[in-house]
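Participant: Listed below, chain by chain, are the residues.
2 protein chains.
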Amino acid sequence: MSHEGDTQGTLFPSGAADPTPTSAGRKPKGGDAARGTGGGSAAERMARQQREISVSEFFTKNRHLLGFDSPRKALLTAVKEAVDNSLDACEEARIVPDLQVEIRAVQGRENTFTVIVEDNGPGIVPKQVPNVFGRLLYGSKFHRLRQSRGQQGIGIAAAGMYSQLTTGNPMRITSRIGRKALPYFFTVRMDTTRNRPEFTEKVVEWDKDHGTRVEIDLEGEYRRGQRSVEEFLKLVALANPHVRIAFKDPEGVATLFDRATTELPKETEEIKPHPHGVELGQLIKMLQDTEEKWVHLFLQRDFSRVGPKVAEEICAAAKINPRANPRVIVKEDADRLKKAIDQTRIMAPPTSCIAPIGEELMLKGLRKEVEADFYVATSRSPVVYRGRPFLVEVGIAFGRPGDTLLLTEEGKIVEQKKKVENQEALMGNADEPVRLIRYANRVPLMFQQSACAISKSVIATNWRNYGLQQPRGALPIGPMVLMVHIASVWVPFTSESKEAIAGYDEIFKEIRLGIQECARKLGTHIRKGRKLASEFKKRGFIEKYIPHIGQALKEILSLDDRQVGECVGRLTTVLEKSRKL
Amino acid sequence: MSHEGDTQGTLFPSGAADPTPTSAGRKPKGGDAARGTGGGSAAERMARQQREISVSEFFTKNRHLLGFDSPRKALLTAVKEAVDNSLDACEEARIVPDLQVEIRAVQGRENTFTVIVEDNGPGIVPKQVPNVFGRLLYGSKFHRLRQSRGQQGIGIAAAGMYSQLTTGNPMRITSRIGRKALPYFFTVRMDTTRNRPEFTEKVVEWDKDHGTRVEIDLEGEYRRGQRSVEEFLKLVALANPHVRIAFKDPEGVATLFDRATTELPKETEEIKPHPHGVELGQLIKMLQDTEEKWVHLFLQRDFSRVGPKVAEEICAAAKINPRANPRVIVKEDADRLKKAIDQTRIMAPPTSCIAPIGEELMLKGLRKEVEADFYVATSRSPVVYRGRPFLVEVGIAFGRPGDTLLLTEEGKIVEQKKKVENQEALMGNADEPVRLIRYANRVPLMFQQSACAISKSVIATNWRNYGLQQPRGALPIGPMVLMVHIASVWVPFTSESKEAIAGYDEIFKEIRLGIQECARKLGTHIRKGRKLASEFKKRGFIEKYIPHIGQALKEILSLDDRQVGECVGRLTTVLEKSRKL
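Protein sequences appear in the order of chains Z and A. Note that the working numbering has the first sequence beginning at 1, numbered continuously upward. Note that the working numbering has the second sequence beginning at 1, numbered continuously upward.
Next comes chain Z alone, as it looks inside the complex (with noise of 0.2 Å):
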């Protein structure tokens, strides 16, 4: 490395660089021994104190990370991941899933709940339950290049950390994974200094087939309207139309969020990384790591997208004999072959890692769930950052059915039919911000929504266009619900919360593209419903003022009421004539 001979003296001269310890200061006395350890300079004292963090204690101290900051929030997301994760189980096996959640009151405790998710998926191995649930940054879903809602390993595993961290309590799990197989039931706590789970198991009776029940006790309040988990569901169910969800509040109220379809989303494939966006310490890694004998074998069987005719140009284009080991590349060899992959066109990754929802599906969900005047939605094609493929869609329900013809020229709706009356109705009125629904492989986003490229991207839109009011740095005012979702084998989150997504440009990109898409149908559809307003004023006017000049010819010129009538009549045809109607 050049920088070595750097390390000899100071950087650049400034004033003093001597230590200029206090009267109060202890003057560091140095070691008794070159590498002593046992003396007393401050180093060595600060050396005593420095030992490994684990990543439970991490997060148990940094539990707002995790979403579990309030009470409310926290019962939220422990839904939330329990849900998020049986859903992935039960694709991933291509069963339709069909889901109980039930939350309860835990009597003679306030504010304490019990969150019960049961799917029929495919069940867990016993083995891997304690990992599964007691263990942060275990999983199945990180290592791979494949769409999903899990992706980090850590949610289920921090919903229980929260529950025995605020009620003592370990989570407790029933799982089966065939006819053939015994129903085990476990109890799971976290050893949050080791991130190691504790855990009690016994055969049990289970009437499933297959399948898997979580119980988690905490610490919670439950509320319904927005952000409540009935909102959550019924988001979740606009989504995913291929899910039944069968809800069960504290108080006993059971609510249906049926299934529009028993087609599952097409079944994604695990891909390679791609080329492109590889960087390189991850390529070095790479070539460390690789099973493969030969550089070119490397190339092509560790990425995607890289036949034996791209690889032989790739190595090459770097000077690198195709049949060298990976292993014993130098730095300096990783360099040039990454600055080699950088120059040769490669095709775009395969997009079979994702699975959109899909324009139909999306209307589907939308006509279903929001009562509008107008719907229309878009799936684009996907598009990488990183080398990671990911697509956008975005949906539009606009208006109040009959709520058009009340728009004035500057797009605003002057009188309201009606105010909303159920408050878990997704739509607004017509004077509030539009209701804008995230979405991130199929799992609604529920906080944060100021930190999120949807969020950002919406606001730069430009809505005037489109016919809409949109004060400054603020989202469009109207009835109208906005649903946006990222789909991707990797997506960006700014926590491990999975809140909100992250701004990389790309992303952006597309979003504000897919935005646009919609917004000039809804523009063309506005405008439209403009137009038609202002003929229907128009020819109020002449319905409202014809009959009076028919009254005044009649006194001013004696006619009697068939020549008022004919003369009307006539005056009507060349009025509406003038308006070319």
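No wet-lab data here; the hints were simulated from the structure. Heads up, a few of these hints could be off.
Which copy is meant is left open, so a pair is good if it fits within one copy or across any two.
As the list claims (entries may be wrong) - Pairs of lysine-lysine, DSS-like flavour, derived with a Cα cap of 30 Å: (1) 339 with 73; (2) 234 with 521; (3) 331 with 61; (4) 331 with 202; (5) 61 with 509; (6) 127 with 554; (7) 531 with 61; (8) 293 with 272; (9) 61 with 127; (10) 319 with 266; (11) 61 with 266; (12) 293 with 61; (13) 521 with 293; (14) 61 with 73; (15) 521 with 531; (16) 127 with 331; (17) 319 with 339; (18) 456 with 509; (19) 73 with 331; (20) 368 with 319.
Values in this document were obtained by computation on a predicted structure and should not be read as measured data.
Dock chain A against the given chain Z, drawing on the hints supplied.
Facilitator: Leaving out everything else, chain A in the frame of chain Z:
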């Protein structure tokens, strides 16, 4: 547990709980044996993919969580992490910090820089160097309750990880712990699969008695202006008047941020957790982990503010024998113990763990860095959130000198004396939003302003009450620098990159109170200025029109010049009197 019985049978009756495999789906077959692992069921296929995710792999993929999402931000984040560590180490060793920060372009490689940060701190004992720099979640600050810049054990190792990822190069560290110790030079890499360091070490020559020098190569972008390294260092200097930083940019231009005092911040003390901030799960863990033999001793020695009397009171209320062994306390007892703790009056936690900047030094810093017309600062008393002491400090610098006289009734400055020429000036123009500078434990927060509890509190304040304009949901408008500092033993950040403070209620409240305290004084100043401006305006009228009146009287009444002078003089006196100047 009372819920175990529920695991038999389904949750509650619903339509069809049977699995519904689609034609495309593969129906789970069940294991070959009850606990088979080699079988072909979906659960078994999925189990084979489940594995541990190392924390370094997690953060490599999620590096935007650590502040490394764009080349520009990455460069600043690396500087920030190294500077934070240096200042923490110096202060802990009671050494007045002298830092040298340099950014060099790497020859022959675009967008690649070497970040060098060298301090006069206590150094790091050689055997800890690889762990400190080559492992995430390793450090001395996480487990203690005491104010420091670093708290997670992530920052500097994350910078190294990003360096390795983008350039393939290791970090280079030179460190010496005292005159009698040998200076060591290390290269440190991270094995991200295991989150463990790989390193080389050797003894070198170094003319420093003690200190640490870190060199990091990384892909970055160097820019001046807002959110630049230079601005960051300037803001560090503002809140840390005891620090001297010499900075050299990639073009070799040197800037010295000199210190305003040699007095170090008050030495902070580590405290024990406060009983009122402890949750049930944590209490159970502390009972298990304690070295004390009796519950009453455990309460006294493992918590702050619990003396023999309070311990006895708690035990009595919990109906627990004070001499019971903490390790055999069952969950029901712990439950009662927790309730007893919550119901017992316990003194607020000691605040020796926090070191505020103080009003005087805040004003000194503001005066040094911002030329203004009016300064005010406040340092509030410490309060507690979740058992953790914290305090809020607010400083305001308002108006460029002379501006006051231009204020109109609406609080708008009609005419700006001159445009800001120096783009690094902290204060904006009169028609721009105020400049908000956020600090956490003396570290400037450079990104994610909108997601931060500080910004939210500023926006939620009604600045019209204090004479400033304020658009709805936005920062107030005016030529003003607003500095808000939160100091705590544990600052809850919204992500690992420590860019914004999470919105806990207690924190919101304190920030609001701090702002109001300063803003009231600002309001008085602005009103005074406005009154003055209005006076000047009226006096201007008199001076302007009276001579004309005199001239008119002269012509009408044929007065001579002396009479005119006399008349004008008397008129002016009368008018001035009637204004009660």
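Participant: Hint by hint, note whether the structure agrees.
Facilitator: A quick look at each hint next to the structure:
Only between protomers do residue 339 and residue 73 lie at most 30 Å apart by alpha-carbon distance; the minimum there is 24 Å, versus 47 Å within a single protomer. Taking the shortest alpha-carbon separations for residue 234 and residue 521, only the intra-copy value of 26 Å comes in at or below 30 Å, while the best inter-copy value is 50 Å. Taking the shortest Cα distances, residue 331 and residue 61 sit within 30 Å of each other only across copies (22 Å), while inside one copy they are farther apart (39 Å). Taking CA atoms no more than 30 Å apart as the test, residue 331 paired with residue 202 passes between copies only; the shortest distance there is 22 Å, against 53 Å inside one copy.
Taking the closest pair of Cα atoms, residue 61 and residue 509 come within 30 Å of each other only across two copies (21 Å); inside a single copy the shortest separation is 36 Å, beyond that limit. In this assembly of identical chains, residue 127 and residue 554 lie within 30 Å of each other by CA distance neither inside one copy nor across copies; the values are 97 Å within and 110 Å between. In this assembly of identical chains, residue 531 and residue 61 lie within 30 Å of each other by CA distance neither inside one copy nor across copies; the values are 59 Å within and 52 Å between. Taking the shortest alpha-carbon separations for residue 293 and residue 272, only the intra-copy value of 18 Å comes in at or below 30 Å, while the best inter-copy value is 56 Å.
In the homo-oligomer, the alpha carbons of residue 61 and residue 127 lie at most 30 Å apart both inside one protomer (29 Å) and across protomers (28 Å), since each shortest distance falls under that limit. Taking the shortest Cα distances, residue 319 and residue 266 never come within 30 Å of each other, neither inside one copy (42 Å) nor across copies (60 Å). Taking identical chains as interchangeable, the C-alpha atoms of residue 61 and residue 266 lie at most 30 Å apart only when they sit on different chains, with a minimum of 26 Å there against 40 Å within one chain. In this homomeric assembly, residue 293 and residue 61 come within 30 Å of each other (Cα to Cα) only across copies, at 27 Å, whereas the closest approach inside a single copy is 45 Å.
With identical chains, the CA atoms of residue 521 and residue 293 are never at most 30 Å apart, being 55 Å at best within one copy and 74 Å at best between copies. Taking identical chains as interchangeable, the C-alpha atoms of residue 61 and residue 73 lie at most 30 Å apart whether they share a chain (17 Å) or sit on different chains (26 Å). In this homomeric assembly, residue 521 and residue 531 come within 30 Å of each other (Cα to Cα) only inside a single copy, at 15 Å, whereas the closest approach across copies is 55 Å. In this homomeric assembly, residue 127 and residue 331 come within 30 Å of each other (Cα to Cα) only across copies, at 27 Å, whereas the closest approach inside a single copy is 41 Å.
In this assembly of identical chains, residue 319 and residue 339 lie within 30 Å of each other by CA distance solely inside one copy; the values are 11 Å within and 71 Å between copies. Within a single copy, residue 456 and residue 509 get their C-alpha atoms as close as 11 Å, and across copies as close as 28 Å, so both meet the 30 Å cut-off. In this assembly of identical chains, residue 73 and residue 331 lie within 30 Å of each other by CA distance solely across copies; the values are 26 Å between and 47 Å within a copy. When the C-alpha separation of residue 368 and residue 319 is checked against a cutoff of 30 Å, the pair qualifies neither within a copy, at 60 Å, nor between copies, at 57 Å.
The structure fails hints 6, 7, 10, 13 and 20 (numbered hints given earlier, in ascending order).
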